[in-house]
Amino acid sequence: MLGLGAARLEADMNRLMALLFHQGVLDEQFMQLQQLQDESSPNFVSEVISIYFRESEKLLKNLRSLLADRECTDYRKIGIHLNQLMGSSSSVGAKRVRTVCLAFRAASEHNNWSGCLRSLEVLEHEYCYLKTKLHELFQMEQQRVMAAGARYHPLLS
Amino acid sequence: MAAGDRRWWLNRKATVVLWVAASVGIWVGLHCYIRRVSMRKAEEVLVSMCEERARMLQDQFAVSVNHVHALAILVSTFHYQKHPPALDQGTFADYTARTAFERPLLSGVAYAQRVVDSERELFENHQGWTIKTMKREPSPVQDEYAPVIYSQETVSYIEALDMMSGEEDRENILRARASGKAVLTSPFRLLGSNQLGVVLTFPVYRAGLPADAMEEERIEATAGYLGGAFDVESLVENLLRQLAGNQDIMVNVYDVTNTSEPLIMYGPQFPDGYMSLSHISMLDFGDPFRRHQMKCRYSKKPPIPLSAISTPSGVFVICMLAGYILYAAWNRYDNVKEDCRKMEELKKQAEAADVAKSQFLATVSHEIRTPMNGVLGMLDMLLDTNLNLTQKDYAQTAQVCGKALISLINEVLDRAKIEAGRLEIESVPFDLRTVLDDVISLFSAKSREKGIELAVYVSDRVPKILMGDPGRIRQIITNLVGNSVKFTERGHIFVHVHLAEHSNMFMDAKVEGGLNGLSGEAKVTSISTALDTLSGLEAADGRNSWENFKLSLSYEQTWPYSSENGSPYDNHADKVTLMVTVEDTGIGIPFHAQNRVFTPFMQADSSTSRNYGGTGIGLSISKCLVELMGGQINFVSRPHIGSTFTFTAVFQRCSKNTGCDTKRTLSESLPTCFGGMRAILVDRRPVRGAVTRYHLQRLGICVECVSTINEVLNATRGQNGSLRSGIYSNKPCILLIEHDTWGTKVDVCLRDQLLQLKENGCIPEMPKVVLLATSESDKMKGGSNVGTVIMKPLRASTVAACFQEVLGMGKQQSRDRPKGSASLNGLLDGKNILVVDDNKVNLRVAAGVLKKYGAKVECAESGRDALSLLQLPHKFDACFMDVQMPEMDGFEATRQIRMMESQASEKNRNGERTVAEEGFSKAEWHLPILAMTADVIQATYEECTKCGMDGYVSKPFEEVQLFQAVAKFLVKLS
Chain A
1 MLGLGAARLE ADMNRLMALL FHQGVLDEQF MQLQQLQDES SPNFVSEVIS IYFRESEKLL
61 KNLRSLLADR ECTDYRKIGI HLNQLMGSSS SVGAKRVRTV CLAFRAASEH NNWSGCLRSL
121 EVLEHEYCYL KTKLHELFQM EQQRVMAAGA RYHPLLS
Chain B
1 MAAGDRRWWL NRKATVVLWV AASVGIWVGL HCYIRRVSMR KAEEVLVSMC EERARMLQDQ
61 FAVSVNHVHA LAILVSTFHY QKHPPALDQG TFADYTARTA FERPLLSGVA YAQRVVDSER
121 ELFENHQGWT IKTMKREPSP VQDEYAPVIY SQETVSYIEA LDMMSGEEDR ENILRARASG
181 KAVLTSPFRL LGSNQLGVVL TFPVYRAGLP ADAMEEERIE ATAGYLGGAF DVESLVENLL
241 RQLAGNQDIM VNVYDVTNTS EPLIMYGPQF PDGYMSLSHI SMLDFGDPFR RHQMKCRYSK
301 KPPIPLSAIS TPSGVFVICM LAGYILYAAW NRYDNVKEDC RKMEELKKQA EAADVAKSQF
361 LATVSHEIRT PMNGVLGMLD MLLDTNLNLT QKDYAQTAQV CGKALISLIN EVLDRAKIEA
421 GRLEIESVPF DLRTVLDDVI SLFSAKSREK GIELAVYVSD RVPKILMGDP GRIRQIITNL
481 VGNSVKFTER GHIFVHVHLA EHSNMFMDAK VEGGLNGLSG EAKVTSISTA LDTLSGLEAA
541 DGRNSWENFK LSLSYEQTWP YSSENGSPYD NHADKVTLMV TVEDTGIGIP FHAQNRVFTP
601 FMQADSSTSR NYGGTGIGLS ISKCLVELMG GQINFVSRPH IGSTFTFTAV FQRCSKNTGC
661 DTKRTLSESL PTCFGGMRAI LVDRRPVRGA VTRYHLQRLG ICVECVSTIN EVLNATRGQN
721 GSLRSGIYSN KPCILLIEHD TWGTKVDVCL RDQLLQLKEN GCIPEMPKVV LLATSESDKM
781 KGGSNVGTVI MKPLRASTVA ACFQEVLGMG KQQSRDRPKG SASLNGLLDG KNILVVDDNK
841 VNLRVAAGVL KKYGAKVECA ESGRDALSLL QLPHKFDACF MDVQMPEMDG FEATRQIRMM
901 ESQASEKNRN GERTVAEEGF SKAEWHLPIL AMTADVIQAT YEECTKCGMD GYVSKPFEEV
961 QLFQAVAKFL VKLS
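Protein chains in written order, with my numbering: chain A, 1 to 157; chain B, 1 to 974.
Here are the computed distance ranges between Cβ atoms for each label pair:
1. 102/A x 396/B: 30 to 40 angstroms
2. 64/A x 650/B: 54 to 64 angstroms
3. 400/B x 8/A: 25 to 35 angstroms
4. 864/B x 135/A: 33 to 43 angstroms
5. 403/B x 22/A: 16 to 26 angstroms
6. 22/A x 419/B: 27 to 37 angstroms
7. 926/B x 39/A: 32 to 42 angstroms
8. 441/B x 39/A: 31 to 41 angstroms
9. 135/A x 396/B: 31 to 41 angstroms
10. 22/A x 400/B: 17 to 27 angstroms
11. 419/B x 102/A: 23 to 33 angstroms
Only pairs whose alpha carbons sit at most 16 angstroms apart, straight line, appear in this in silico EDC-like list of lysine to aspartate or glutamate:
12. 403/B x 380/B
13. 135/B x 167/B
14. 77/A x 887/B
15. 840/B x 57/A
16. 450/B x 489/B
17. 840/B x 47/A
For the record, the hints were derived by calculation from the structure and aren't laboratory data.
Please read all numbers here as calculations on a predicted model, not as lab measurements.
Ideal Cβ positions, reconstructed from N, Cα and C, are used throughout, including at glycine.
Required output: the full structure, derived from the provided sequences and hints.
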């Protein structure tokens, strides 16, 4: 029963990841991230992802507050924040977030306030989607690890 | 722009107008000058002519006056000093008529006697006529009279007329007898001819008058008067007629005794002709009382000389021409300048377009690669799941296609990079033999499928470890071999590598070989059935035939083998030029297509791509790469016979100390357990034999080559010959047999005979028999006593694995690890590495990657933190630095680190051994710093090197790139 559950969970995880890949939410960088996880750092992926979430939320909050006032918007600062977000997103392989960031940056370079605001909304939406899906994935992973009896299997061996 | 144009136009117009005006000015000035000069000349001519006329007139006049004087003396002599007078009217008339030629100016002369009133009667009686006045009336009574007594016949009408009755004559007479000189009247109408004239009067004195007599004495002594009329008009006319140019000149003669009222003597009363130019000459007719002058002028205005028009016109034309030339030149200059500017602009545009193209290509291929990697990754994952056969096949096909697409994109990117000059050839140590083994193992499946003999041979004189770009060499050879495999259906593909100077040597020995594939004489050889090539089929280039190969082999053997780095003979040079030849027996390249083989996207013809696929970009990239490596590529090809591609490349010889070290990590470790083992190779093709021997020798196996099985048997049976030692050695012995000598009959025969030999004690044990097969079908031939079948293409490691299996040696050394990470592990294991990135996520990921390879990682979140961590002395072996960071970016941080290092080194050198005392005795601090950049196309590399970085890696890390970047300097450290 336990082994069967683990296999089912693994299949579910694969399906979810395939879906995320298919939708372009994630790219191969995420897989490479997973490959980095081994016995010496068993929680590497979740660790990185949680740092990513923490940093990104901070950045998103900053962006939101920077865009609050139409008159005095510091586009240069927005650009810096977006570069940060893009860098970390490409590192974890959050591809769609990164793409939205590109559009956002283009809008900010043109000092297009309404465009920026629209991009921010899309970005927040993408980010939320990514977050929920990854949480889902990690939960499955945890269940699987537990199901496999604390024995660790690299996801892509 | 438009305003500038307008101004320019105005400017130009103004210049033109100015120029024309200046030219006209020049014309006018020159014209005036020439006219003035000609005027002056005319004046001079006029003066000289006038003077000439005046002098002549004066002379003529003087001559006439002199003659009248002579007549006066004649009258005085013959009329008054003779008694009775010897003169009468007849004589006088006769004489004067005969001497008239002497006085051409005088119309006639006459002599009037002075008669006092008291003597009148006496005189009238004597003469027989009464004295008459000018009006031919008898003269009234007067004090004295001057009746004409003698006259020339031409003026005979004045005889008996009293000269004193005429106003002018009377005055004349009075003046003449007072002065004793010739005296002239003012001009008046003459009596006879009614012409304008003057009368000349000369006094005749009685004898005995002294020369200095007083006026009263003279009057007293006066006897009579000699007179003559000058017909001035005809006189001057005659005179002028004799002179040249009299038509051009108008002459007026005036009596200017009364200066306010000049009397005209000659010429029209109201002078016409050209008035503005005239000359006045004074005339002296010998009468001191009267003054005359001659006034000359041109009858018409002197014509303007032709030169006054033509010369300035010529100059004007020249000016205009010169102006036009200048104008045209200026125009031309402007046009050229404009064109130049346009060209410059276009050039800029073209360059921008070129950059944009490269950028676009790079971006697009990058953008395609990213999703393709996703596709491939997912396909990999898909293949790991449970699939049925059809699904697996589909997935595999998709994967193959995806890989092909990726490789095509990489090629396009390469091409773009080469065009942009961005491609750099690396210089890292590598083992050429391993590279070649890898390349042919790529194509082993295909060659087996087609039954093609695929073989590699590397000359022993090629050093084991070379410095160069293994990736690019692999790319070139893969490309060439790939082409060969694609276009070859039977026969062989043979890759062999020699030193270039070496192969030239034996090439020279055999020049007559059909080098030129185009020459017709080579056809003759194609008839012969079995050629000494790898597969027995003819090759396009005769160089690989056994004869040549033997030559090269023997040449190699004349030089002692060197254990590590080739022969000692060329150790001194640190550059090695290799010549790589890829020979196939494929369809060849049609002659008409041979000259565009290296043009990108050009295949022999469109049907080629239909039949065989491919884009045709590979060869052009190969050519570029070869040229970047300092070599050249060329080929010989004959349709339906095959092609041979040859290229040279220059490599650095690896220095000894690093060579030993890197050999461990770089070259595939071959098992050493076969050292001293012996093998017998049965092969009837010497070239193929040599290749097999090469691979076995790399394993340390001693090989002897025979052409048939019978030779083996005969040799062993005969207990002598060259093979004896081989069979009798106590080391295990292997019998290698080529597939084409093999057959069931041979199999049985061989087994029997070997068994027999063993029983006889000739050999200690049965040799293991290994069959060398080219295609799958050969594999089936293997009989009972065949130990194993080795599939071609041969590579040392597969041969080693087979032998271990046959000989049952086990895999005591096979610690299989993925190759790339093994080397990275080796490089990074235990190294202290500092990672600097402001992005926490990136920092964590980079640290994770580096930790995976065994490095000890420390992190810093800003350039400032990194600087404080890197205060000398520190423990770090390398530093990965993000380029874009707030506050202090990677470039600035690196610059400061380098500054610190150079200061420390300076101190060291200056003898302040503080650092050395603490045990850090490094002479030079140089921390390898690698830039991390997300954007590869961003031309940051130059900036990286400028501020002292050692290299760069793209973010996120790729294993190969990371390895290559790290290998460069960590090898040096170790």
